Each structure stands twice: as C-alpha cells, then as structure tokens.
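The lines below spell out each chain.
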Amino acid sequence: NAGVTQTPKFQVLKTGQSMTLQCAQDMNHEYMSWYRQDPGMGLRLIHYSVGAGITDQGEVPNGYNVSRSTTEDFPLRLLSAAPSQTSVYFCASGPGGVFEAYEQYFGPGTRLTVT
Amino acid sequence: AQSVTQLGSHVSVSEGALVLLRCNYSSSVPPYLFWYVQYPNQGLQLLLKYTSAATLVKGINGFEAEFKKSETSFHLTKPSAHMSDAAEYFCAVSENGNKLVFGAGTILRVKS
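Protein sequences, first through last, are from chains L and G. Its first residue numbered 1, the first sequence is counted upward by one per residue in the working numbering. Its first residue numbered 1, the second sequence is counted upward by one per residue in the working numbering.
Next up, chain L with everything else stripped away, as it sits in the complex:
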C-alpha cells in the first residue's frame, strides 16, 4: 500500500495563478480531507468528503475548491492564488463513520509558496 500520496511536494505560484494539488489513497477509505498547516496555528480543516460525490466545507474554505468523483482521489483547487495561501497542505484519509474514533492517515504534504 502506498497509503496517502500527494503531488507536487513543492510549488511556487504567482499571485492570481490557479493550480490543483493532487491527493490519492489506496486504502478504500470513505473519508478524505484537506488541512493547511501554518506556524503556531496547528492544522486547520479546509474541505472534507465523506464519500464519492459528497463534499463539505471546513473551517477555512475560502479560495479553495474540491470535488470527489472517485473514492481514491480528492484534489484541492486554488482558484486564484494569494500570498495568504502560502502554507503546507496535508491530505488525510480514514475509514469514516460517525461516532467512531478512527485513525486518519496523512500524506507527506505539499509546501506551497505564493509570491
């Protein structure tokens, strides 16, 4: 199992550019999510999905878009990059289920810089 994979590892964008951060998992997990990590702020939830075709907003969704057409993939789109979106982005997946404390598996991260 590759687990959770993310591409690219590093990316530099100019303000106003758009791009897609890729995330894939091979564990047949229903739940997938995107977080951003900023110094001193921990990880904050951007968007999440409880299954193919179902997505919802997290704590900091503005400027980001997601879709979930397959169980395996959960791409994150930056519509018009801003310097405030400079961060490290983590994708995570888990078996899902409500009222269960299950482990979420994290990818290695994408370090994004917007100039």
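No wet-lab data here; the hints were simulated from the structure. None of these values were measured; they are calculated from a predicted model. Where a beta carbon is used, it is the ideal one built from N, C-alpha and C, also for glycine. Hints may be right or wrong, so weigh each one.
Output of the computed footprint for chain L on chain G, the stretches with three or more beta carbons under 8 Å from beta carbons of chain L [as the list claims (entries may be wrong)]: (1) 43-57; (2) 98-110.
With a straight-line Cα cutoff of 30 Å, these simulated DSS-like cross-link-like pairs (lysine-lysine) come out [to be verified]: (3) L:K9 / G:K49; (4) L:K9 / G:K99; (5) G:K49 / G:K99; (6) G:K69 / G:K99; (7) G:K68 / G:K99; (8) G:K111 / G:K49.
Here are the computed distance ranges between Cβ atoms for each label pair [stated by the list, open to error]: (9) L:T115 / G:A54: 48 to 56 Å; (10) G:M83 / L:I54: 37 to 45 Å; (11) G:S3 / L:N65: 25 to 33 Å; (12) G:S52 / L:D38: 28 to 36 Å; (13) G:S14 / L:S18: 43 to 51 Å; (14) L:V98 / G:H82: 36 to 44 Å; (15) G:S52 / L:G16: 44 to 52 Å; (16) G:M83 / L:T115: 36 to 44 Å.
Starting from the known structure of chain L, arrange chain G on it as the hints suggest.
Okay, now just chain G, sitting in the frame of chain L:
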C-alpha cells in the same frame, strides 16, 4: 464549538526524563480525543486515541494519555524521553469522529 489548547509551544527535556505535554479541550458533547506526532518534513502519525472505553490510553512508542473529564484535559506523558521523541505533537478533538480540530502544537526537544 470545539477547541483545543496546548500549553507550551516548546518543551525541552533531558534524555531519560519524564515527558509531559498538556492538552485542554472544549466540546459541547462527549469528545473523541487524539494525539498525533509530526517528525520533520513528514505528515502526521497517530500516537493514541481516546474512545471512552478507558480513561488511561496507551499508545505507540511508550506514550500514554489520561482523559480527565472534570479538568477537560488529555495530557500526554512518557516516563523516559528518548532522542528519537524529538518532534512536534498535536492534540486534536472531534465531536463525531470525522472532522478534527487541532491544537497549535508543541515542539518537543530532547537534550542529551
């Protein structure tokens, strides 16, 4: 709304000393609680989780945490620190098991 407070953004201990990382949470319902560890330039890895089955939870690498409802705390401990424990540690809370709310993190430094 849920929230997590981790006291101390940096903690330094000597090798062989007790590790204590503090976590207090706020939740309107009985919470699920987690500790994750992040080694440099890596993703997060689960150390342990609280599911209400037992208040003292044992995790990997010799870590454990105790859930104290009256204090709304879930502090992480390890009796004897090892150099390999140097990392950033995150406490997280969830009301339904899905969406995690993380604390700001505590960087643990282990001195030889």
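Verification of the supplied hints:
{"no.": "1", "hint": "43-57", "verdict": "holds (count 7)"}
{"no.": "2", "hint": "98-110", "verdict": "holds (count 8)"}
{"no.": "3", "hint": "L:K9 / G:K49", "verdict": "29 Å, holds"}
{"no.": "4", "hint": "L:K9 / G:K99", "verdict": "24 Å, holds"}
{"no.": "5", "hint": "G:K49 / G:K99", "verdict": "14 Å, holds"}
{"no.": "6", "hint": "G:K69 / G:K99", "verdict": "21 Å, holds"}
{"no.": "7", "hint": "G:K68 / G:K99", "verdict": "22 Å, holds"}
{"no.": "8", "hint": "G:K111 / G:K49", "verdict": "27 Å, holds"}
{"no.": "9", "hint": "L:T115 / G:A54: 48 to 56 Å", "verdict": "50 Å, holds"}
{"no.": "10", "hint": "G:M83 / L:I54: 37 to 45 Å", "verdict": "44 Å, holds"}
{"no.": "11", "hint": "G:S3 / L:N65: 25 to 33 Å", "verdict": "27 Å, holds"}
{"no.": "12", "hint": "G:S52 / L:D38: 28 to 36 Å", "verdict": "31 Å, holds"}
{"no.": "13", "hint": "G:S14 / L:S18: 43 to 51 Å", "verdict": "49 Å, holds"}
{"no.": "14", "hint": "L:V98 / G:H82: 36 to 44 Å", "verdict": "37 Å, holds"}
{"no.": "15", "hint": "G:S52 / L:G16: 44 to 52 Å", "verdict": "48 Å, holds"}
{"no.": "16", "hint": "G:M83 / L:T115: 36 to 44 Å", "verdict": "37 Å, holds"}
Figure legend: structure checked against the earlier numbered hints; every hint is met.
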